[in-house]
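Here the protein sequences line up with chains Y and R, keeping their order. Note that our numbering has the first sequence beginning at 1, numbered continuously upward. Note that our numbering has the second sequence beginning at 382, numbered continuously upward.
No wet-lab data here; the hints were simulated from the structure. What you are looking at is a predicted structure, and each value in this text was computed from that prediction instead of being measured. Treat the hints with care, as some may be off.
For lysine to any residue, the following SDA-like pairs were computed, each having C-alpha atoms within a straight-line distance of at most 25 Å [unchecked claim]: (1) R:Lys558 / Y:Lys255; (2) R:Lys630 / Y:Gly42; (3) Y:Lys117 / R:Ser755; (4) Y:Lys255 / Y:Pro238; (5) Y:Lys117 / R:Pro662; (6) R:Lys630 / Y:Val218; (7) R:Lys630 / R:Ser755.
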Amino acid sequence: MTHIAFMHGNEAAAEGAVAAGCRFYAGYPITPSSEIAEILSGRLPEVGGVFIQMEDEIASMAAIIGASLGGLKSATATSGPGFSLMQENLGFAVMSEIPCVVVNVQRVGPSTGLPTKAAQGDVMQARWGTHGDHPIIALTPSSAQETYHLAVRAFNLAERFRTPVILLMDAIVAQLKEKVEVPDPASLQIVPRAAPSVPPADYKPFPFARGEVGPLAVFGQGYRYHVTGLLHDEHGYPTEDPAVVSAWWEHMATKLDAHLDEILAWEEVQLADADLALVAYGGTARAAAHAVTLARSEGIKLGLLRPITLWPFPEEAVRRLAGQVRGFIVPELNLGQIRYEVERLSAGRVPVEGLHRADGLQITPDQIVSAARAAHARDQA
Amino acid sequence: MTYDRHFATNWQLLLDAICTTMMLAPEREPPIVLSSLADLPYEVGQASGRAPLSFIQGPPGRNIALAIGLRAALPATPLVLIMSADSVTLGTNHLIHAARRNIGMTLLLLRSDVTAGAAPGSQDRMDWTQPYYQPDLESAPAPLAWLTALDAALVGRASLRDPDGLAELIHTAIETKGFGVLGVTTDARLEIGILSRSEWPEYFDAYRAWTAGLAAPAARAAGAAPARPARRVPRCALRIAGLGGHGIKLAGTVLSEALGRHEGLWTTQRGEYGSATRGGPSLVDVIAGSDPITYPGADQPDVLVLLSQAAAQRYAGSERPGAVLVADPGEVDPLPPGAAPVPITALAREHVGAPIAAGMVALGCVAALTEIVSLTALRLSLAGHVPQRLVARNQAALEAGYAAAQAAREGAQHG
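All chains, full assembly: derive it from the sequences and hints.
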């Protein structure tokens, strides 16, 4: 049965991971994500899983890829400096289509930055951090409750699409303790590792089925195959044949895009009659939602679009809004990373204003309301 | 394989030896071979995939860490890593950790006479090495020597000139529990065979033995259903601000769980506790209400408790008009207008003997001066968050705060 717990976001991420079937965690603790490692070091042994503290984040990322190839649902957690170190092996997981989950609790960067202060500066790193074009999924929670559910969803999407999934948190949500209704584990939808239905001789580990992914056979169960970071054919053997490479690209470019209805999630707060829209996500969306209430009490028709799936970005939702509202305000704890997306999608139809800070302080509802007032006055003039 | 060994390349000999280990132990699972483009030529990587084994061509040097994950998932599958100098250099950190943890894998370190042309940064030392672009500069680190020093479970050296001996040594390394490493050479001057052994448990074997008896505590799954209040409570923002050592974080936890579990409200708790255990500024914001909480900050609190002069200077006046304001007259001077004076720190000293209970006294004040939380709910919550031996004293602090705040209010009404 559902029970009530008081958890901060990091604990919710750890508990959600366990509920989703995570049975291997390799990581190196780093503020503000360390509680995830601390909690899983106790929780995983209780459920027959394995926790290992690695020598660094490069090794952590490599180890979860190995464990996933061995059939265990696997995750690591870090913050910006560690996320930078993970990019090499993250690309390997993308290339070889190995499911895994990476939690990044964002703090102010670049480099060591402000270790204890919340930020949302890794949004573009989550999208493009590893080199080369590639599909990726990033989910961003706004509450401890949502963190729990998105942790479960991250593992499900990783299995469904054979891809690394990034749970992109920020220190606001990670450190915020709140009431969480923990669902009965039996009520959760869990996507298991798909097993091949063909005999080993007919098995293609990397099929190029446009828009679909094939099952990843677990090593040690009779299926032998080749896994490589090189561009490869459907059997996993490296190739430089442009025709095969093109087929690979077509597969990779479509494997998420053909299923956006399964992947995209966002919340709309009072957008139906809004003539001014906020686009905010993660911890900042909490201030934005409160600002909507405050602004409406002053007669400003403010609404909020809150992306939950950050990558792929909910493009149609923004395009549609750009035809409805007279302007966007994008509050975020960086210098404008999602503002770029909103500008791109509104394509000059309406003004897009950023409300940015990266000084370690959080954006308050009052700051957002002030920006809304100014935009409202401009519209009235 | 059908080639004639006399004409085989070093690479073919190596892969042939790995395949031969499968014949030496037909019952054993076939090995997974891990290597990288820095270790094996492109064509060999391709051909190796057609040998009857699984092959992972990972980022150079990272295969050791990748193998750790594989080993956690697959306790019985042989993991054979082929590494040349470049990979050893990139992965030295991983090599040391895997060796010291004794994680079960077999490393084949190729000496530069095998790789013929790879950068010699970490080759099995015989002479001074001479990178063509930096002649006479470097002395090679000798991996077999330092893996011996690291107490690797098995350290040996094998020669490609003796393919059967090579296969047998690889087989022995696979059978060895834990981390085994073989230098592979063609140099006839080097000693061949097992160079050292060290006995200790394989890491994941030890881990599984250690965790075998663990199970989730039964209590974790249980949990009281929340009380559902009949009343409707609008968003209420509470802030308690003072110094490290005032027990403010604990007070926030007790308050938010009293509100969430016993008063049936939605709650959030966030804090700024500073990095010093005592003396630095400390603050907790608790928000509660009938609806889920959006913004978790108490920038304009409905209830504000000030425990220190610094807190008063920073936050007095930030409260909403009509807010409940409490300040400690022993610490805050002058008292902010409208503040109920309660000697919070003095009461904490009196009932617990230290300022650490100031947070509890503050909660008593909140219960006395607001409708949001009852003393009963705070008592229930408190019992779950302090050790049994400290419950009575903390309850006394809570009740002292309650009584003192009531007296302060009556004093204000009558004065």
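Each hint, compared with the structure:
This hinted pair does not check out: Lys558 of chain R and Lys255 of chain Y have alpha carbons roughly 41 Å apart, beyond 25 Å. The straight-line distance between the Cα atoms of Lys630 of chain R and Gly42 of chain Y is roughly 23 Å, inside the 25 Å bound, and the hint therefore holds. Between Lys117 of chain Y and Ser755 of chain R the CA atoms are separated by roughly 34 Å; this puts the pair beyond 25 Å, and the hint is violated. The straight-line distance between the Cα atoms of Lys255 of chain Y and Pro238 of chain Y is roughly 20 Å, inside the 25 Å bound, and the hint therefore holds.
With a C-alpha separation of about 16 Å, the suggested pair Lys117 of chain Y and Pro662 of chain R falls inside the 25 Å cut-off, and the hint holds. Taking the CA atoms of Lys630 of chain R and Val218 of chain Y, the gap is near 46 Å; set against the 25 Å cutoff, the hint is violated. For a cut-off of 25 Å, the pair hint linking Lys630 of chain R to Ser755 of chain R stands: about 19 Å separates their Cα positions.
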